[in-house]
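Trainee: Turn these sequences into a full structure, and let the hints guide you.
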Amino acid sequence: VRVVSLLSDYGLADGFPGALQCVIRARLPTVPIIDITHEIAPCDVRAGSLALLRAAPFLPPGVVLAVVDPGVGTPRRGIAVQAQDADLFFVGPDNGLLVPAVKALGGARLVVELQDRGYWLAAPGPTFAGRDIFAPAAAHLAAGGDPNELGDRIDPDYLVQLPTPRYVRGGGGSCQAEVTWVDRFGNVQLAAGRADLLGGPHVLVGILSQGASVPAVEHTARAVRAFGELPPGQLGILVDSYGQLALVLNNASAAALLGAHEGDVAALRPAANPP
Amino acid sequence: VRVVSLLSDYGLADGFPGALQCVIRARLPTVPIIDITHEIAPCDVRAGSLALLRAAPFLPPGVVLAVVDPGVGTPRRGIAVQAQDADLFFVGPDNGLLVPAVKALGGARLVVELQDRGYWLAAPGPTFAGRDIFAPAAAHLAAGGDPNELGDRIDPDYLVQLPTPRYVRGGGGSCQAEVTWVDRFGNVQLAAGRADLLGGPHVLVGILSQGASVPAVEHTARAVRAFGELPPGQLGILVDSYGQLALVLNNASAAALLGAHEGDVAALRPAANPP
Amino acid sequence: VRVVSLLSDYGLADGFPGALQCVIRARLPTVPIIDITHEIAPCDVRAGSLALLRAAPFLPPGVVLAVVDPGVGTPRRGIAVQAQDADLFFVGPDNGLLVPAVKALGGARLVVELQDRGYWLAAPGPTFAGRDIFAPAAAHLAAGGDPNELGDRIDPDYLVQLPTPRYVRGGGGSCQAEVTWVDRFGNVQLAAGRADLLGGPHVLVGILSQGASVPAVEHTARAVRAFGELPPGQLGILVDSYGQLALVLNNASAAALLGAHEGDVAALRPAANPP
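So the sequences go chain by chain: A, B and C. Numbering of the first sequence is given in our numbering, commencing with residue 72 and proceeding in unit increments. Numbering of the second sequence is given in our numbering, commencing with residue 72 and proceeding in unit increments. Numbering of the third sequence is given in our numbering, commencing with residue 72 and proceeding in unit increments.
None of these hints come from the bench; they were simulated from the model. Note that CB positions come from ideal geometry on N, CA and C, so glycine has one too. Misleading hints may appear alongside valid ones.
Derived CB-CB ranges, DEER-like [as the list claims (entries may be wrong)]: (1) Q186(A) x A112(B): 53 to 63 Å; (2) P132(C) x D217(B): 47 to 57 Å; (3) P100(C) x A343(A): 47 to 57 Å; (4) G216(C) x A343(A): 31 to 41 Å; (5) P234(C) x P272(A): 33 to 43 Å; (6) G216(A) x R265(B): 26 to 36 Å; (7) G216(A) x P132(C): 50 to 60 Å; (8) P100(B) x L181(C): 49 to 59 Å; (9) A266(B) x Q186(A): 46 to 56 Å; (10) A283(A) x T291(C): 58 to 68 Å; (11) G242(A) x T291(B): 55 to 65 Å; (12) P100(B) x E184(C): 48 to 58 Å; (13) L328(A) x E184(C): 33 to 43 Å.
Residues from chain C that face chain B, not an exhaustive set, calculated with beta carbons under 7 Å [claimed, not checked]: (14) V72; (15) I105; (16) I107; (17) L269.
Which stretches of chain A does chain C cover? Using the computed rule of at least three CB atoms under 8 Å from a CB of chain C, they are [stated by the list, open to error]: (18) 88-95; (19) 248-261; (20) 310-316.
Mentor: Structure, rendered in C-alpha cells:
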C-alpha cells in the first residue's frame with residue numbers, strides 16, 4: 072500500500088486541501104492520506120521546505136504532494152522526484168521546496184517534469200496547480216504508475232535550490248545560527264546541533280539585529296534535556312526531537328521572551344559562570 | 072467505494088468534526104472521509120454554500136455531509152438530496168446550504184426529509200444535529216442504504232434558497248459583481264466571469280460603499296493569467312481556478328489593498344488607457 | 072477493524088499530528104484514523120481531559136492516542152489504559168488527561184506503563200513522546216498486540232488525577248458551577264446539569280470574580296431548547312448536546328456577553344419574575 076502525504080500553505084479555511092483529496096480519491100478512493108500540515112505561512116517556500124525536511128525520516132512509503140508555490144502559472148516547472156534511499160516520490164513545484172527532504176533521503180534517483188497535459192485536469196485558469204497538475208500526478212504514482220509517463224526526465228543537479236540556513240562557528244565555542252522554526256509552544260529551533268552545546272552547562276544567547284555581529288541583549292540558557300527540568304521563567308537550551316538545538320521555556324514561549332522569529336540569527340557562546 | 076466528504080462551520084478546536092467522524096466510523100470503520108473544510112465562518116450559510124459549490128465538480132462518488140446550521144433544534148428541516156448528474160447524496164439542513172452545489176450537479180433527483188427518529192442518535196439536547204441526525208443518515212447512505220427509509224420525500228422546488236450573489240451588467244462593458252470569496256492569500260473572487268474581461272487589458276475596479284452606485288476609490292487592475300506576472304504592488308485581475316474573475320496581487324493580499332470583504336460589491340469598468 | 076483516534080495540543084501548523092500519522096501508517100498503512108482535535112490550548116491538560124471526556128461515548132472501537140504533555144521528558148509515566156466497558160485502549164501521559172474519559176467508560180480494566188524501549192522510536196531528544204513512545208504503542212495495540220508487552224502493569228488507583236470541575240449546590244435552587252468549555256460559537260458549558268434548571272423558566276447568572284461568593288453582575292437567562300428560540304441579544308440557558316447546562320445566544324457569543332472563560336465559576340439562581 073502506498074500512502075499519499077500532503078503539505079501546503081493552503082490553510083484549512085478555503086477548501087484547498089479538500090480539493091487535493093477529492094482529486095486523489097476520485098482516482099484512488101481508499102488510498103491512505105496523511106495531512107502533514109497545510110498551515111505553512113502563505114508563500115513561505117523556505118518554511119515549507121524545512122517542515123518537509125523534519126517530516127522526511129518518518130514518511131511512510133508512497134508519495135508526498137507538497138505545494139508552496141508563489142510562482143504558480145508562470146514557467147516554473149512542476150516536478151516529480153524519486154528519492155534514492157526511500158520508497159518515496161515527491162511531487163510539487165521546482166522552487167526549492169522539495170530539495171532538502173530529498174537530499175536527506177539520499178538525493179534524487181530520478182526527476183521528471185510534469186509536462187504531459189494528458190495527466191492534467193482541465194481547468195479554467197492556471198492558478199491551482201496543486202489540484203490540476205500535482206494531485207493527478209501524485210495519484211498516478213500512488214497507483215504504481217510509471218513516472219516517465221508524466222514527462223521528460225530532467226537532471227537533478229539543475230533543480231532550483233534555496234540557501235541553506237545560516238550557521239557559522241566562531242572562536243571559543245561560539246556560533247551564529249539561524250532560527251529555522253518557531254513552533255506553537257514558542258520553542259526556537261536553531262540551525263545548530265548537539266556539538267554546539269559542549270562548552271558547558273550554560274549558554275549566553277541573543278538574537279542579532281539586522282547587520283549586527285553581536286546581540287544587543289543576551290540571556291543565559293541552561294542546558295537541559297526536557298522542558299520540565301526548568302523553573303518558571305528560566306530559559307533552557309536542549310537537543311530537540313529532530314536533533315537540533317532549541318531554546319525553550321517550561322510552559323511558556325521562548326520566542327516571546329527572546330523576540331525571536333523564523334529567519335532571525337541567534338548568537339551563542341558558552342557562559343563562564345552560571346548566573 | 073463511496074466516499075464521505077465533510078464541510079462545516081464547526082472549526083477544528085472543539086472536536087465537532089471528530090464527533091462526525093466517530094459516528095460515521097462506528098458504523099463504517101474504513102469508509103474514506105474527506106474534510107473539505109470546517110472553517111466556514113460561524114453560522115455563515117452563504118459562505119458555506121459557496122465553498123460547497125466550488126468543491127462540487129471535484130467530489131468523488133459518495134455522500135456529502137454539510138453543516139452550517141444556525142437554526143439547529145428549531146423546526147427547520149434536515150434533508151438528504153440526491154444529485155441528478157453525479158453519484159452523490161448531500162445531507163444537511165434545509166436552509167439553502169446545499170442548493171447551489173446540487174444545482175451545479177444537474178439539480179435534485181430526489182429529496183427526503185430526515186424524519187425517521189430510528190436513524191437518529193439518542194441525545195440529551197437537540198443542538199448537535201450534525202452528530203445526532205446528519206452523520207447517521209450520511210453513514211446509512213454511504214453504506215448503500217435506501218434514502219426513502221430516512222423519511223418522506225419532499226418536493227425539491229420547496230427547498231429553502233439563498234439569494235444568488237449580485238451580478239449586474241452596465242453600459243460600456245462595466246459590471247457590478249459581489250465578492251463571493253476572499254481566500255487565505257487575499258485573492259478576491261467576484262460573481263463575474265471571463266466575458267467581463269473583454270473590454271481590454273486593464274480594468275478600473277472599486278468596492279462600493281453601502282448604497283453607493285459608484286466607488287469612492289478606483290484601482291487599475293491589469294489582466295493577467297497568473298500571480299507571478301505582476302510586479303510587486305500591481306493589482307491584477309484573472310480568471311481563477313474556478314472560472315470566476317478574481318482580483319489579485321503577487322505574494323500579497325488584494326483584499327487588504329482594496330478593503331474588500333465577502334459580500335461587498337465591486338464595480339468594474341474597462342480602463343481607456345493603461346496607467 | 073480498529074480505529075486510531077487522536078487528540079492533542081499540537082496545533083495544526085507544525086506537523087506534529089502529521090508525525091503521529093506517519094509513525095502509525097508506517098506500521099499500519101490503512102488503519103482508519105480520526106483527528107478528534109489537535110487544537111487544545113498548549114499544555115492545558117484539563118481542557119484536553121474534558122474534550123476527551125466529551126468524545127468518549129462516541130469513540131469507535133480501537134485506540135485513542137491523546138497527548139497534552141507539559142511534563143514530556145521528565146519521569147512522569149507514559150501509560151496504556153484499557154477501558155472496562157468499551158473496546159478501547161487509551162495511550163498517553165499519566166498526568167490526568169485520560170482519566171475522566173476512562174472513568175466514563177467504566178474505569179480501567181488494565182493499565183501498563185510504557186517502559187519497554189524496544190517499542191520506542193530511537194530519537195535524538197526526549198521531547199516528542201507522542202511520536203517516539205505513544206504512537207508506536209498505539210500502533211501495536213491497534214494491530215491487536217498484547218498490552219503487557221509494552222511494560223509492567225500498574226495499579227489504576229495510582230494514576231494521576233486532576234481536580235473535578237467545581238460544582239456546589241446552594242439554597243433555593245441556586246448553584247455554583249465551573250465553566251468547563253467555551254466553544255467556537257461562544258457557548259458556555261457549565262459543570263451543571265438538567266436538574267439545576269428546575270427552578271423556573273428564567274435563571275439569574277453571573278461570573279464570580281476571583282474569591283467572590285456572589286457575582287458583581289447578573290444576567291437573566293431564559294430556559295430554551297435551541298438557539299433559534301432566542302431573540303437577538305437574549306441570553307439563553309439549555310441542556311447541550313452533552314447533557315450539560317450551557318449559556319448561549321442566538322448567532323452570537325454568550326462568552327463575550329458574560330466575560331466568561333474556561334475555568335471561571337458561574338453562579339446560578341432561579342429568577343423570581345421574568346424580566
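Trainee: Against each hint, give a clear statement of whether it holds in the structure.
Mentor: Each hint, compared with the structure:
1. One distance hint, 53 to 63 Å for the beta-carbon pair Q186(A) and A112(B), is violated here, with the actual separation near 40 Å.
2. Take P132(C) and D217(B): their Cβ atoms lie about 27 Å apart, and the range 47 to 57 Å is violated.
3. At about 53 Å, the CB distance of P100(C) to A343(A) agrees with the hint of 47 to 57 Å.
4. A hinted range of 31 to 41 Å is violated for the C-beta pair G216(C) and A343(A), which are about 52 Å apart.
5. Distance hint check for P234(C) and P272(A): the Cβ-Cβ separation is about 36 Å, which falls inside the suggested range of 33 to 43 Å.
6. Distance hint check: the CB atoms of G216(A) and R265(B) are about 33 Å apart, consistent with the given range 26 to 36 Å.
7. A beta carbon spacing of about 36 Å between G216(A) and P132(C) contradicts the range 50 to 60 Å that was offered as a hint.
8. For the hinted restraint 49 to 59 Å between P100(B) and L181(C), the CB-CB distance of approximately 23 Å leaves it violated.
9. A hinted range of 46 to 56 Å for the beta carbons of A266(B) and Q186(A) is inconsistent with their spacing of about 31 Å.
10. At about 60 Å, the CB distance of A283(A) to T291(C) agrees with the hint of 58 to 68 Å.
11. G242(A) and T291(B) have their C-beta atoms about 56 Å apart, which keeps the hinted 55 to 65 Å range intact.
12. Between P100(B) and E184(C), the C-beta spacing of about 29 Å breaks the proposed range 48 to 58 Å.
13. At about 34 Å, the CB distance of L328(A) to E184(C) agrees with the hint of 33 to 43 Å.
14. Annotation: V72(C) was flagged as interfacial toward chain B, and the flag holds, the nearest CB pair being 4 Å apart, inside 7 Å.
15. Because the beta carbon of I105(C) sits about 4 Å from the nearest beta carbon in chain B, less than 7 Å, this interface hint is met.
16. Interface hint status for I107(C): upheld, as the beta-carbon distance to the closest one in chain B is roughly 4 Å, under 7 Å.
17. With 7 Å as the threshold, the beta carbon of L269(C) stays out of range of chain B, its nearest partner Cβ sitting at about 15 Å, so the hint is violated.
18. For the stretch 88-95 of chain A, the stated coverage by chain C is not satisfied: 0 residues place a CB nearer than 8 Å to a CB of that chain, which falls below the threshold of 3.
19. Proximity of the stretch 248-261 of chain A to chain C, defined as three or more residues with a beta carbon under 8 Å from a beta carbon of that chain, is established by the 4 residues found.
20. Using a Cβ-Cβ cut-off of 8 Å, 5 residues of the stretch 310-316 of chain A lie near chain C, which meets the minimum of three, so the contact claim holds.
When each numbered hint is compared with the structure, violations occur for hints 1, 2, 4, 7, 8, 9, 12, 17 and 18.
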